[in-house]
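Quick note, the sequences are listed as chains A, B and C, same order.
Going by the numbering used here, 15 is the number at position 15 of the first sequence; the sequence numbering is gapless.
Going by the numbering used here, 91 is the number at position 91 of the second sequence; the sequence numbering is gapless.
Going by the numbering used here, 197 is the number at position 197 of the third sequence; the sequence numbering is gapless.
Just to be clear, a hint being listed does not mean it is correct.
Distance condition first, Cα-Cα at most 30 Å in a straight line; then the derived DSS-like pairs of lysine-lysine [to be verified]:
hint: 1; chain 1: B; residue 1: K169; chain 2: C; residue 2: K169
hint: 2; chain 1: C; residue 1: K223; chain 2: B; residue 2: K169
hint: 3; chain 1: B; residue 1: K185; chain 2: C; residue 2: K169
hint: 4; chain 1: C; residue 1: K219; chain 2: B; residue 2: K169
hint: 5; chain 1: A; residue 1: K219; chain 2: C; residue 2: K208
hint: 6; chain 1: B; residue 1: K169; chain 2: A; residue 2: K270
hint: 7; chain 1: B; residue 1: K28; chain 2: A; residue 2: K185
hint: 8; chain 1: C; residue 1: K169; chain 2: A; residue 2: K185
hint: 9; chain 1: A; residue 1: K41; chain 2: B; residue 2: K28
hint: 10; chain 1: B; residue 1: K185; chain 2: C; residue 2: K219
hint: 11; chain 1: B; residue 1: K62; chain 2: A; residue 2: K169
hint: 12; chain 1: C; residue 1: K237; chain 2: A; residue 2: K169
hint: 13; chain 1: C; residue 1: K185; chain 2: C; residue 2: K208
hint: 14; chain 1: B; residue 1: K169; chain 2: C; residue 2: K62
hint: 15; chain 1: A; residue 1: K208; chain 2: C; residue 2: K42
hint: 16; chain 1: C; residue 1: K169; chain 2: A; residue 2: K219
hint: 17; chain 1: A; residue 1: K28; chain 2: C; residue 2: K62
hint: 18; chain 1: B; residue 1: K271; chain 2: A; residue 2: K185
hint: 19; chain 1: B; residue 1: K271; chain 2: A; residue 2: K169
hint: 20; chain 1: B; residue 1: K58; chain 2: A; residue 2: K169
hint: 21; chain 1: A; residue 1: K223; chain 2: C; residue 2: K271
hint: 22; chain 1: C; residue 1: K42; chain 2: C; residue 2: K28
hint: 23; chain 1: A; residue 1: K58; chain 2: C; residue 2: K271
hint: 24; chain 1: A; residue 1: K42; chain 2: B; residue 2: K219
hint: 25; chain 1: B; residue 1: K42; chain 2: C; residue 2: K219
hint: 26; chain 1: A; residue 1: K223; chain 2: C; residue 2: K169
hint: 27; chain 1: C; residue 1: K223; chain 2: B; residue 2: K271
hint: 28; chain 1: C; residue 1: K169; chain 2: A; residue 2: K62
hint: 29; chain 1: C; residue 1: K169; chain 2: A; residue 2: K169
hint: 30; chain 1: B; residue 1: K42; chain 2: A; residue 2: K185
hint: 31; chain 1: A; residue 1: K169; chain 2: B; residue 2: K237
hint: 32; chain 1: A; residue 1: K223; chain 2: C; residue 2: K185
hint: 33; chain 1: A; residue 1: K237; chain 2: B; residue 2: K62
hint: 34; chain 1: A; residue 1: K169; chain 2: C; residue 2: K185
hint: 35; chain 1: C; residue 1: K223; chain 2: A; residue 2: K219
hint: 36; chain 1: B; residue 1: K237; chain 2: C; residue 2: K169
hint: 37; chain 1: A; residue 1: K219; chain 2: C; residue 2: K270
hint: 38; chain 1: C; residue 1: K237; chain 2: A; residue 2: K237
hint: 39; chain 1: A; residue 1: K270; chain 2: A; residue 2: K185
Honestly, the hints are just simulated from the structure, not real lab data.
Letter by letter, the chains look like this.
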Amino acid sequence: PSLTSSSGEGPAAHRSLPESEDVVVTSKDSITVITLNRPAKKNAITYQMYQDITLALKAASKDNSTITVFTGNGNYYSSGNDLSNFSNRSGSLQQMYAESALTLRNFVDSFIDFPKPLVALVNGPAVGIAVTVLGLFDAVYASDRATFHTPFSSLGITPEGCSSYTFPKIMGPAKAAEMLIFGKKITAREACAQGLVTEVFPHNTFQKEAWARLTAYAKNPPKAMRIGKQLLRSFGKETLHAVNAEECRVLQERWLSEECVNAIQTFFSKKGKL
Amino acid sequence: PSLTSSSGEGPAAHRSLPESEDVVVTSKDSITVITLNRPAKKNAITYQMYQDITLALKAASKDNSTITVFTGNGNYYSSGNDLSNFSNRSGSLQQMYAESALTLRNFVDSFIDFPKPLVALVNGPAVGIAVTVLGLFDAVYASDRATFHTPFSSLGITPEGCSSYTFPKIMGPAKAAEMLIFGKKITAREACAQGLVTEVFPHNTFQKEAWARLTAYAKNPPKAMRIGKQLLRSFGKETLHAVNAEECRVLQERWLSEECVNAIQTFFSKKGKL
Amino acid sequence: PSLTSSSGEGPAAHRSLPESEDVVVTSKDSITVITLNRPAKKNAITYQMYQDITLALKAASKDNSTITVFTGNGNYYSSGNDLSNFSNRSGSLQQMYAESALTLRNFVDSFIDFPKPLVALVNGPAVGIAVTVLGLFDAVYASDRATFHTPFSSLGITPEGCSSYTFPKIMGPAKAAEMLIFGKKITAREACAQGLVTEVFPHNTFQKEAWARLTAYAKNPPKAMRIGKQLLRSFGKETLHAVNAEECRVLQERWLSEECVNAIQTFFSKKGKL
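Using the sequences provided together with the hints, build the complete structure.
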């Protein structure tokens with residue numbers, strides 16, 4: 001298994017990541033595809049997957065692809081952070097949360113710094129961190145079955161993925177706060193009207209229509225697209241890194257708060273009863 | 001009458017402000033409600049009311065409520081600045097306008113710095129300063145009878161409430177300038193499409209639907225909501241204060257300008273004739 | 001021919017620019033109108049026209065008009081940069097592109113610094129630079145026959161007109177990048193939903209409705225409108241100038257790139273065959 005360039009490999013070559021099959025990287029028509037592949041768990045993102053995705057983005061930034069695509073396998077795009085990340089690990093709580101904050105920060109930084117056009121195919125419901133980083137994508141195509149939900153407050157936590165900065169910019173503070181602070185779940189059409197999503201397609205034709213567009217776009221001169229994307233991001237990148245650092249700092253404190261501890265205990269006790 | 005925390009008081013306890021009944025503060029289900037209560041004058045904001053609202057916001061920032069709500073009593077949300085503020089006071093014009101600019105600046109600063117989720121229930125038409133500060137709220141629910149009107153230029157004056165900065169960010173410069181420079185009045189649905197309003201409800205069910213949502217949201221862990229809101233505002237607060245200071249400085253000059261003096265004279269002479 | 005104030009001239013006085021009839025300046029009801037007048041070439045902008053428009057904006061900033069309007073004569077608003085700009089001139093390529101970058105930078109600066117309300121009447125399709133500078137206007141009224149197309153990447157080039165900064169602010173990065181990086185052409189209604197366009201009118205009534213609005217707006221006190229507009233632009237002007245400089249720097253490099261040279265050769269060889 002390797003993360004090197006796909007040159008020499010056939011189309012749609014499958015490249016597993018070193019540690020697991022939960023994140024799969026394929027390549028086709030000058031497009032690198034990073035797929036969350038944990039459908040039985042609604043593509044919830046484990047601690048390992050954060051690291052795998054960070055590595056996959058670093059590899060894609062250097063391979064010979066023109067566009068990089070992010071999507072999920074199965075009915076969900078991603079249910080977000082796997083809360084078992086906080087119950088399955090060893091060491092002190094302080095140490096675990098410090099590591100988690102650093103891993104999250106590196107993960108988000110790899111989106112901020114990604115140098116080529118980055119497109120999300122949101123094939124179904126998206127939750128938490130899977131929603132918030134969408135503000136760092138260059139295009140977001142959504143199935144009409146997709147929903148966008150960031151229930152941070154009810155878990156005692158706060159927004160990440162630079163959403164505290166990107167969402168108010170994209171949709172205005174009055175719509176951003178309803179999502180990020182009050183936890184309102186919105187539909188794909190609402191997310192599109194608010195600028196978070198580029199376009200919505202009927203679920204039946206979603207893959208076909210989105211891929212028709214992607215393969216057409218991938219034929220553009222690659223350097224012009226890469227340099228153009230960097231231009232769009234240039235006057236704001238430092239702020240994004242500062243926002244990411246601050247969000248992770250606040251979140252690390254939140255994870256230790258009574259509100260968060262109680263919310264997560266409630267979550268697992270409910271799960272245990274089912 | 002006091003502005004202290006509502007702890008110990010019953011639900012919906014009525015707390016009048018020291019100087020008048022024109023601004024009323026109540027408390028219910030962990031929600032503090034600040035109501036403009038001058039329906040016979042379309043809730044036009046007097047010099048005293050600016051100060052009362054500033055105090056009410058400072059008190060609400062320290063009470064044990066989770067969310068603070070702003071609304072109007074009667075058919076109007078608020079017709080904005082009461083122009084009699086500029087005819088009923090003593091001292092030199094220069095002194096009066098210097099005081100007015102300072103009062104306005106403190107008023108807007110209290111919105112910028114408000115530390116908890118702040119929600120507007122726009123129950124009817126909103127004009128001028130009542131519209132512009134909406135860009136500083138975390139959610140804005142509107143009756144479909146609400147309209148949004150900022151006729152600054154026709155009065156010879158310029159935008160305040162940080163709208164010269166927040167409105168272009170929220171709706172783009174081409175829609176913001178039509179409102180703020182050309183004085184276009186927009187409907188609740190237009191304001192919602194442009195991101196100034198979070199959601200519009202039919203007038204008949206407005207209170208019921210908005211309050212159902214508010215009482216649900218108020219049950220979220222309060223610290224997570226407060227810290228989350230502060231995160232959303234953190235990378236922009238200094239700019240907002242600078243914008244507010246600049247807007248008030250420009251406005252103080254405008255009030256003394258021939259354009260403004262003529263417009264206000266015309267306003268009162270028309271009123272006198274009716 | 002002169003660019004001085006229209007005072008003393010009759011309504012709709014026609015003022016040709018020094019060098020050509022391709023840019024025409026007229027004056028009516030306190031409104032200065034700058035018209036792209038090269039309908040046989042879809043109002044493509046020649047090297048000379050960039051300079052004429054820059055001069056026309058400087059003149060309009062000092063004349064006694066209240067509002068300045070930009071529009072196109074014929075079926076097109078403007079097909080953007082005339083690519084023959086890069087084939088018809090003498091000197092080394094390096095020199096030509098350095099001059100072109102400087103001319104473009106001055107052209108865009110004159111929009112950034114324009115001190116009065118600036119309104120575009122987009123009477124038909126708009127392409128490239130004619131689209132990108134719209135982010136610097138205070139109102140954009142569009143015929144429903146207008147379209148908005150920025151096919152930069154396919155030509156091997158990158159965005160200008162400050163669009164790399166203004167478009168993500170106006171419509172969010174996911175819609176901005178689809179236009180600016182992937183070259184998606186959008187309709188007037190889409191551009192309006194995304195905040196680039198203020199309002200869309202049916203083509204048959206476009207001129208009538210837009211002009212009814214403009215003549216009404218032009219009756220507002222002019223200083224209040226001018227100072228109000230400057231307030232809206234004040235906290236961002238330095239960034240816009242920096243963005244413009246960077247976009248022109250990148251573009252100057254791009255024009256010499258293999259991707260761009262090939263794309264322009266293909267363009268002209270296709271044209272030759274038709």
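The hints, checked one at a time:
1. A distance of roughly 7 Å separates the Cα atoms of B/K169 and C/K169; the hinted pair therefore holds under the 30 Å criterion.
2. This hinted pair checks out: C/K223 and B/K169 have alpha carbons roughly 24 Å apart, not beyond 30 Å.
3. Only pairs whose Cα atoms come within 30 Å are accepted, and B/K185 paired with C/K169 is accepted, the gap being roughly 23 Å.
4. Distance hint between C/K219 and B/K169 is fulfilled; the C-alpha atoms sit about 27 Å from each other, no more than 30 Å.
5. Annotation: proposed proximity of A/K219 to C/K208 is violated, straight-line Cα distance about 43 Å (limit 30 Å).
6. With a C-alpha separation of about 42 Å, the suggested pairing of B/K169 with A/K270 is violated against the 30 Å cut-off.
7. Between B/K28 and A/K185 the CA atoms are separated by roughly 25 Å; this keeps the pair inside 30 Å, and the hint holds.
8. About 24 Å separates the Cα atoms of C/K169 and A/K185, which keeps this hinted pair within 30 Å; it holds.
9. For the proposed pair A/K41 and B/K28, the alpha carbon gap of about 41 Å is over 30 Å, so the pair is violated.
10. For a cut-off of 30 Å, the pair hint linking B/K185 to C/K219 stands: about 16 Å separates their Cα positions.
11. Simply put, B/K62 and A/K169 have alpha-carbon atoms about 29 Å apart, close enough for the 30 Å limit, and the pair holds.
12. Annotation: proposed proximity of C/K237 to A/K169 holds, straight-line Cα distance about 18 Å (limit 30 Å).
13. For the hint linking C/K185 to C/K208, the alpha-carbon distance of about 27 Å falls within 30 Å, and the restraint holds.
14. A hinted pair counts as satisfied when its Cα atoms are at most 30 Å apart, and B/K169 with C/K62 qualifies at roughly 29 Å.
15. About 35 Å separates the Cα atoms of A/K208 and C/K42, which puts this hinted pair outside 30 Å; it is violated.
16. Pair hint C/K169 plus A/K219 holds up; C-alpha atoms about 27 Å apart against a cutoff of 30 Å.
17. Our distance criterion of 30 Å between C-alpha atoms is broken by A/K28 and C/K62, whose separation comes to about 57 Å.
18. Between B/K271 and A/K185 the alpha-carbon distance is near 48 Å, which puts this suggested pair outside the 30 Å criterion.
19. Of the pairs offered as hints, the one joining B/K271 and A/K169 is violated, with about 42 Å between alpha carbons and a cut-off of 30 Å exceeded.
20. With a CA separation close to 27 Å, the supplied pair B/K58 and A/K169 stays within the 30 Å bound.
21. Between the alpha carbons of A/K223 and C/K271 the distance comes to roughly 25 Å, so the proposed pair stays at or under 30 Å and holds.
22. Between the alpha carbons of C/K42 and C/K28 the distance comes to roughly 25 Å, so the proposed pair stays at or under 30 Å and holds.
23. Between the alpha carbons of A/K58 and C/K271 the distance comes to roughly 42 Å, so the proposed pair goes past 30 Å and is violated.
24. Restraint check for A/K42 and B/K219: the C-alpha separation of about 27 Å stays at or below 30 Å, so the hint holds.
25. Between the alpha carbons of B/K42 and C/K219 the distance comes to roughly 27 Å, so the proposed pair stays at or under 30 Å and holds.
26. About 24 Å separates the Cα atoms of A/K223 and C/K169, which keeps this hinted pair within 30 Å; it holds.
27. For the suggested pair C/K223 and B/K271, the alpha carbons sit about 25 Å apart, so the restraint of at most 30 Å is met.
28. For the suggested pair C/K169 and A/K62, the alpha carbons sit about 29 Å apart, so the restraint of at most 30 Å is met.
29. Straight-line distance between C-alpha atoms of C/K169 and A/K169 comes to about 7 Å, which keeps the hinted pair within the 30 Å bound.
30. Distance check on the hinted pair: B/K42 and A/K185 sit about 35 Å apart at the alpha-carbon level, beyond 30 Å; violated.
31. The suggested pairing of A/K169 with B/K237 holds, with an alpha-carbon distance near 14 Å, which does not exceed 30 Å.
32. Using a Cα cut-off of 30 Å, the hinted pair A/K223 and C/K185 holds, with the two alpha carbons roughly 21 Å apart.
33. Between A/K237 and B/K62 the CA atoms are separated by roughly 36 Å; this puts the pair beyond 30 Å, and the hint is violated.
34. This hinted pair checks out: A/K169 and C/K185 have alpha carbons roughly 23 Å apart, not beyond 30 Å.
35. A threshold of 30 Å between alpha carbons decides the hint, and for C/K223 with A/K219 the separation of about 51 Å lies outside it, so the pair is violated.
36. A distance of roughly 18 Å separates the Cα atoms of B/K237 and C/K169; the hinted pair therefore holds under the 30 Å criterion.
37. Restraint check for A/K219 and C/K270: the C-alpha separation of about 19 Å stays at or below 30 Å, so the hint holds.
38. A threshold of 30 Å between alpha carbons decides the hint, and for C/K237 with A/K237 the separation of about 19 Å falls inside it, so the pair holds.
39. Of the pairs offered as hints, the one joining A/K270 and A/K185 holds, with about 21 Å between alpha carbons and a cut-off of 30 Å not exceeded.
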